[in-house]
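Trainee: Since the structure of chain A is already known, use the hints to place chain B on it.
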Amino acid sequence: MSGIVVEGLRHLYRPKRGSPVLALEDVNLRVGDQEFIALLGPSGCGKSTLLYLMGGFLPVESGRITVDGAPVSGPGPDRGIVFQHFALFPWKTVLQNVLYGLERQPMAQAEREERARAFIKMVGLSGFENNYPSQLSGGMKQRAAIARTLAIDPKVLLMDEPFGALDAQTRHLMQTELLAIWRRTPKTVIFVTHDVQEAVYLAQRIVVMSARPGRIKEIVEVGLDKADPELTRSRAFADMSDHVWSLVRDEAIKAQAGVGL
Amino acid sequence: MAGISAPTPSFAARAGQFALRWSLVIALFVAWELLTRTRTFTPFMLPSPQSVSERIMRDASSGDLFINMALTIYRALAGFIIAAMLGISLGLVMTRNAGLRWFFDPVISVGFPMPKITFLPVIVLWLGFYDTAKISMVVFDAIFPILTATIAGVRSVEKELIWSARNLGARERDVMWQILLPAASPQILTGLQVALPIALIVAVVAEMMMGGYGMGGAMIEASRKADSRGVFAGIIEISIIGWIFVKAMAMTRARLLFWHAER
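Line order of the protein sequences matches chains A and B. The opening residue of the first sequence carries number 1 in the numbering used here; numbering runs sequentially from there. The opening residue of the second sequence carries number 1 in the numbering used here; numbering runs sequentially from there.
The following block holds chain B by itself, in its conformation from the complex:
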């Protein structure tokens, strides 16, 4: 919509703003550089930013970086999408059916606060070390925030909205997918925004525990070989993936909730 907009700030002003906004992150890198220059720590304890970035470049040119990144992203996203589909559907059905809610409530109350990672040894016994096991672990952890956000969201939908839809001829199924889902979507998206970083964390942890390709596996392997540059490179790479995930999710939210007043 056309309207009165603030004058576009100059390039210098925008660059200044950017620097201020990222100043803490920049300060962290500067501190890192200083600590290595002053030899406060040995290069083994804390390799220099330069040596770590060289390491990232080398991994990138050999292709290992992209294979590992792609695998971790695949496992995190596959688990996240399965968790989203299951969590949202189950949440919608549960709020509309008192019996199902009664039946599932104890599992959720016990399952949500419990550290799901304790099931990892069991998952390994049942499903092995490969993608099925890792993705299952991600689903298991990411589903709870989505499920609880969906339940909270659907329960807070105004009854007038549901009554209006029923009045206009909507059946129970229509109400669920056409009214409750969009009306609860602000809260559901909040649940998804919480679940996505969890999915990445669990994917990396599962890879660390189970081994094989992937960011987590590569870091554990580097650690076992006393390759500290490799470990630090992994930390940087995973942070970048996490940052991209969070940004992409926030953009998706803004795009889906254009009708919803948010500040």
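With the rest of the complex left out, here is chain A:
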């Protein structure tokens, strides 16, 4: 079975103080090869937890997750991750950051460097190879982080609200570029977001999740032409956003009520 298969997944979040919280319950999901999936839901619905479980950063305790038939047992370069707050190594330059993963792969040093520079160019950071993260803007930091992850050529790209910390203009620009990159180097993408428009714009399928405990409420086939430059202004886009928003709204209200308790 190729792709990612999640079956009967259940996850308990155990805070250091207080009683355990059921973060995910009975999650079942099949993601095909090179598919672009958005995990959408209110904060606290367990969408990031699901992503971390797929990445192997958290242990699967109940249920199973397989990637190409093999159960996930830990982090691996086949599933690259991009975090909201970039997680660049601040003591390394952009080039050194991108090289970090490549240095663990069997190839000649010259090839590594060539590859790193190619990916830095691809995300539009040429000329900033020797800058430190503290010298970059938020958008540039995220470009560097994306280059670092893409350079190790993962089969699956896990993105945890990657544009959540960016300003609106930069975010839109990055969304467009992510789609362009995805078209050029097709990968399975799992994209966590709480932004309905972002999910509709990027994903082929949107997995709408319910508030605590996190379950899959509905899976929406987006079916829009992503290559259309006028897409975000189209009627179909507005209708789809409306439909997805109506699904999320109830959950967001429930999540709010939960916080209020």
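A hint or two may mislead.
[Unchecked claim] In silico negatives: residues of chain B with every beta carbon more than 12 angstroms from chain A:
#	residue
1	Leu20
2	Phe29
3	Thr40
4	Phe112
5	Leu120
6	Pro145
7	Ile162
8	Trp163
9	Ala170
10	Pro182
11	Met209
12	Ser228
13	Met251
[As the list claims (entries may be wrong)] No more than 30 angstroms apart at the CA atoms, straight line, and that leaves these computed lysine-lysine pairs for DSS-like:
#	chain 1	residue 1	chain 2	residue 2
14	B	Lys159	A	Lys187
15	B	Lys247	B	Lys159
16	B	Lys159	A	Lys92
17	B	Lys159	A	Lys155
18	A	Lys92	B	Lys116
19	B	Lys159	A	Lys121
Treat the hints as calculated values from the structure; they're not laboratory data. Ideal placement from N, C-alpha and C gives every residue a C-beta, glycine not left out.
Mentor: Same frame as chain A, now just chain B:
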């Protein structure tokens, strides 16, 4: 990096700034001079700055000063470096291994606040009076701030940073030395900055208690011979070493943490 820089202040302005910054230290010396001139104290109780500086010059020309300074610096630095290597390694391993942390935590909790100098008589019994004993005493005292700073630093490293490294193929050993060590280095360096003056203090105190060559030993000997100039000369000399230590450590910090935004 080239950029817009403030205009260079004139020589007079810089000299004025320097004088203001050091005014308290200068005032202290002026007060000292005045107290001796007015004969408020006898020259035995408080020798004049001039007689003390003459004494320092004499010690310097005889070579004693440099032998004593070199020995004290050697003992302080050797102890400090051993404490740094042990403290950082132990701190890194302890935070990554819950079992080790569980095992060592009581020793640290009891050992950190305890005055380590109380072990000096025991160290003398076990290791004698020479360098091994003095350096061991320095290690024993300097290791705690380094160890606790390393543990605090490593524990505050964001999990995303560790996850990123693991995701990019780093193994547990790589994570420790390539990620945790540099990521925790601001706090570790703070621990080292605390430990270095402690190393100097303990080296001097150990020398005072155990005798022999070294700044502490020389001061105790001067005191026993009622040589008050010698004692005051020692105070000045040790302060200068301490000042150089602190400055050198701050420069090392700035050099190592060029990537870290600090104000």
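Trainee: Each of the hints needs a verdict: does it hold here or not?
Mentor: A quick look at each hint next to the structure:
1. Leu20: holds, 32 angstroms
2. Phe29: holds, 42 angstroms
3. Thr40: Per Cβ check, Thr40(B) is outside 12 angstroms of chain A; nearest 55 angstroms; holds.
4. Phe112: With a cut-off of 12 angstroms, Phe112(B) remains clear of chain A, as the shortest Cβ separation is near 23 angstroms.
5. Leu120: holds, 40 angstroms
6. Pro145: holds, 23 angstroms
7. Ile162: For Ile162(B), whose nearest Cβ neighbour in chain A is about 9 angstroms away, the distance does not exceed 12 angstroms, so it is violated.
8. Trp163: violated, 5 angstroms
9. Ala170: violated, 7 angstroms
10. Pro182: Answer for Pro182(B): violated, closest chain A Cβ roughly 5 angstroms.
11. Met209: holds, 42 angstroms
12. Ser228: holds, 51 angstroms
13. Met251: Given that every Cβ of chain A is farther than 12 angstroms from that of Met251(B), nearest at about 18 angstroms, it holds.
14. Lys159(B) / Lys187(A): holds, 25 angstroms
15. Lys247(B) / Lys159(B): The given pair, whose Cα atoms are some 34 angstroms apart, is violated under the 30 angstroms limit.
16. Lys159(B) / Lys92(A): holds, 18 angstroms
17. Lys159(B) / Lys155(A): holds, 23 angstroms
18. Lys92(A) / Lys116(B): Roughly 39 angstroms separates the two Cα atoms, so the pair is violated.
19. Lys159(B) / Lys121(A): holds, 28 angstroms
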